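*Asks:* Sequence:
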Amino acid sequence: MNKIADRGLSLLPADEYQIADDAGSPDAILVRSAKLHDEAFPESLQAIARAGAGVNNIPIDRCSERGIVVFNTPGANANSVKELVLAGMLLASRGIHEGMSWVRENAGLEDLDKAVEKEKKRFAGIELMGKTLGVAGLGAIGVMVSNAAAALGMRVIGFDPFISVESAWGLSRSVERASSLEQLLASCDYITLHVPLNDATKGMIGAEQFAAMKPGSRLLNFARGGLVDDAAVIAALNDGRLARYVTDFPSSDVAGHEGVLALPHLGASTEEAEENCAIMAARQVRDYLERGTIVNSVNFPECRLDATAHQRILIANRNIPNMVGQVTTILANHSINILNLLNRHRGELAYNIIDIDGNVPGEAVEQLRAVDGVIFVRTIQPVLR
Numbered sequence: 451m452n453k454i455a456d457r458g459l460s461l462l463p464a465d466e467y468q469i470a471d472d473a474g475s476p477d478a479i480l481v482r483s484a485k486l487h488d489e490a491f492p493e494s495l496q497a498i499a500r501a502g503a504g505v506n507n508i509p510i511d512r513c514s515e516r517g518i519v520v521f522n523t524p525g526a527n528a529n530s531v532k533e534l535v536l537a538g539m540l541l542a543s544r545g546i547h548e549g550m551s552w553v554r555e556n557a558g559l560e561d562l563d564k565a566v567e568k569e570k571k572r573f574a575g576i577e578l579m580g581k582t583l584g585v586a587g588l589g590a591i592g593v594m595v596s597n598a599a600a601a602l603g604m605r606v607i608g609f610d611p612f613i614s615v616e617s618a619w620g621l622s623r624s625v626e627r628a629s630s631l632e633q634l635l636a637s638c639d640y641i642t643l644h645v646p647l648n649d650a651t652k653g654m655i656g657a658e659q660f661a662a663m664k665p666g667s668r669l670l671n672f673a674r675g676g677l678v679d680d681a682a683v684i685a686a687l688n689d690g691r692l693a694r695y696v697t698d699f700p701s702s703d704v705a706g707h708e709g710v711l712a713l714p715h716l717g718a719s720t721e722e723a724e725e726n727c728a729i730m731a732a733r734q735v736r737d738y739l740e741r742g743t744i745v746n747s748v749n750f751p752e753c754r755l756d757a758t759a760h761q762r763i764l765i766a767n768r769n770i771p772n773m774v775g776q777v778t779t780i781l782a783n784h785s786i787n788i789l790n791l792l793n794r795h796r797g798e799l800a801y802n803i804i805d806i807d808g809n810v811p812g813e814a815v816e817q818l819r820a821v822d823g824v825i826f827v828r829t830i831q832p833v834l835r
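In the numbering used here, the protein residues as written are 451 to 835.
Source of the hints: derived by calculation from the structure; they are not laboratory data.
Because the structure is a prediction, the values reported are computed rather than measured.
C-beta atoms are modelled at their ideal positions from N, C-alpha and C, and glycine is treated no differently.
Careful, some of the hints might be misleading.
[What the hints assert, rightly or not] Capping the alpha-carbon separation at 30 Å, the derived lysine-lysine pairs in DSS-like fashion look like this:
id: 1; residue 1: K581; residue 2: K568
id: 2; residue 1: K664; residue 2: K581
id: 3; residue 1: K652; residue 2: K485
id: 4; residue 1: K485; residue 2: K581
id: 5; residue 1: K664; residue 2: K652
id: 6; residue 1: K571; residue 2: K581
id: 7; residue 1: K570; residue 2: K453
id: 8; residue 1: K570; residue 2: K581
id: 9; residue 1: K453; residue 2: K664
id: 10; residue 1: K453; residue 2: K571
id: 11; residue 1: K453; residue 2: K485
[As the list claims (entries may be wrong)] Computed Cβ-Cβ distance ranges for the label pairs, DEER-style:
id: 12; residue 1: D465; residue 2: V553; range: 54 to 62 Å
id: 13; residue 1: D456; residue 2: H707; range: 38 to 46 Å
id: 14; residue 1: S551; residue 2: S624; range: 31 to 39 Å
id: 15; residue 1: G504; residue 2: K571; range: 17 to 25 Å
Sequences and hints are given; from them, build the entire structure.
*Replies:* This is the structure:
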């Protein structure tokens with residue numbers, strides 16, 4: 451439903467997949483920024499893959515009710531965003547933007563070189579080395595930003611109460627830990643946000659948080675616009691509490707303020723990032739359709755099982771007691787031998803991959819679908835790759 455890089459689409463070979471932007475009954479949707487909340491999903495739809503990390507353009511709850519697995523591509527654009535964050539910190543520290551604008555406005559001066567020497571003091575700034583950076587959110591992007599800033603000689607403090615083991619392993623040993631967001635804000639010269647936008651984080655930076663910051667702090671938002679209260683930003687800039695606000699999500703309320711450096715959502719706008727996201731999204735969709743594998747889903751549990759047979763049953767259900775018992779009883783009643791079974795749950799949803807010996811009769815499939823709490827049943831011959 452958006453332009454997806456060809457390197458990703460090439461992983462869905464034409465002799466096996468039909469790719470179109472107007473497919474009437476698709477098995478899967480690949481999407482970037484298109485808003486799907488008002489879309490009517492066909493009965494055929496099994497998966498949606500977002501070529502990017504944020505999924506606020508997708509109706510997750512409705513997809514979960516329908517048994518539609520929603521994937522994203524965490525980390526695929528992390529380096530692209532990291533580099534732009536570093537550029538944002540430099541722009542917020544030195545008079546680069548203002549200086550370039552002045553040069554362009556005065557390009558016709560006969561003695562421009564002399565004027566430059568006279569005026570350059572207007573655009574003096576500060577260096578990053580020795581300053582303290584606070585990183586709120588230590589996912590793939592937050593970890594890369596932290597490590598890069600540390601390599602530039604900055605003191606880095608991170609805050610993330612939900613940091614994953616994988617992220618912790620990748621974080622530089624020099625990064626310090628803040629026990630709260632308030633501690634982070636009070637300690638840092640720069641603060642950069644790398645958290646998802648949800649009910650808990652919407653407006654997480656407002657008047658109270660700006661009041662807790664060091665005077666002259668610089669705030670960077672390359673995560674989501676809704677994380678920061680625009681009115682509070684303007685007030686903090688006007689009273690000097692905030693020296694700069696760098697955002698990749700400009701709004702009409704803040705874009706015109708002289709203390710705001712606003713970019714037109716360029717975080718993942720590199721050829722490399724778009725290709726990485728497309729490749730990851732296509733692989734995840736293909737693995738799910740062909741083998742039932744779920745990796746990087748935002749609504750279903752991760753579930754991977756190497757194929758051990760030529761017949762596989764995939765079952766999604768409510769996470770309630772005795773579901774596996776009911777499933778295995780039905781299969782046993784049809785003399786179906788289970789070769790391997792994997793059951794995983796995430797919140798209120800559970801997912802099962804069951805490899806069986808022989809074929810599953812249609813009657814057994816219908817009985818499985820009739821079990822109270824079952825969302826869907828798929829039978830496939832998994833592609834052995």
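*Asks:* Does each hint hold? Answer for all of them.
*Replies:* Going down the list of hints, with the structure as the test:
In summary, the hint linking K581 to K568 is supported, as the alpha carbons are separated by about 28 Å, within the 30 Å threshold. Taking the CA atoms of K664 and K581, the gap is near 12 Å; set against the 30 Å cutoff, the hint holds. Annotation: proposed proximity of K652 to K485 holds, straight-line Cα distance about 19 Å (limit 30 Å). Using a Cα cut-off of 30 Å, the hinted pair K485 and K581 is violated, with the two alpha carbons roughly 40 Å apart.
For the given pair, K664 sits about 22 Å from K652 by alpha-carbon distance, which is consistent with the 30 Å threshold. Only pairs whose Cα atoms come within 30 Å are accepted, and K571 paired with K581 is accepted, the gap being roughly 22 Å. With a C-alpha separation of about 43 Å, the suggested pair K570 and K453 falls outside the 30 Å cut-off, and the hint is violated. Taking the CA atoms of K570 and K581, the gap is about 23 Å. The hint holds against a cut of 30 Å.
Proximity of K453 to K664 is assessed by CA-CA distance (about 43 Å); at most 30 Å being required, the pair is judged violated. The suggested pairing of K453 with K571 is violated, with an alpha-carbon distance near 45 Å, which exceeds 30 Å. This hinted pair checks out: K453 and K485 have alpha carbons roughly 14 Å apart, not beyond 30 Å. Distance hint for D465 and V553: a CB-CB separation of about 56 Å, consistent with the stated range 54 to 62 Å.
Checked against the given bound of 38 to 46 Å, the beta carbons of D456 and H707, roughly 40 Å apart, stay inside it. Taking 31 to 39 Å as the suggested C-beta distance range, the pair S551 and S624 conforms, at roughly 36 Å. Separated by about 41 Å at the C-beta atoms, G504 and K571 break the suggested range of 17 to 25 Å.
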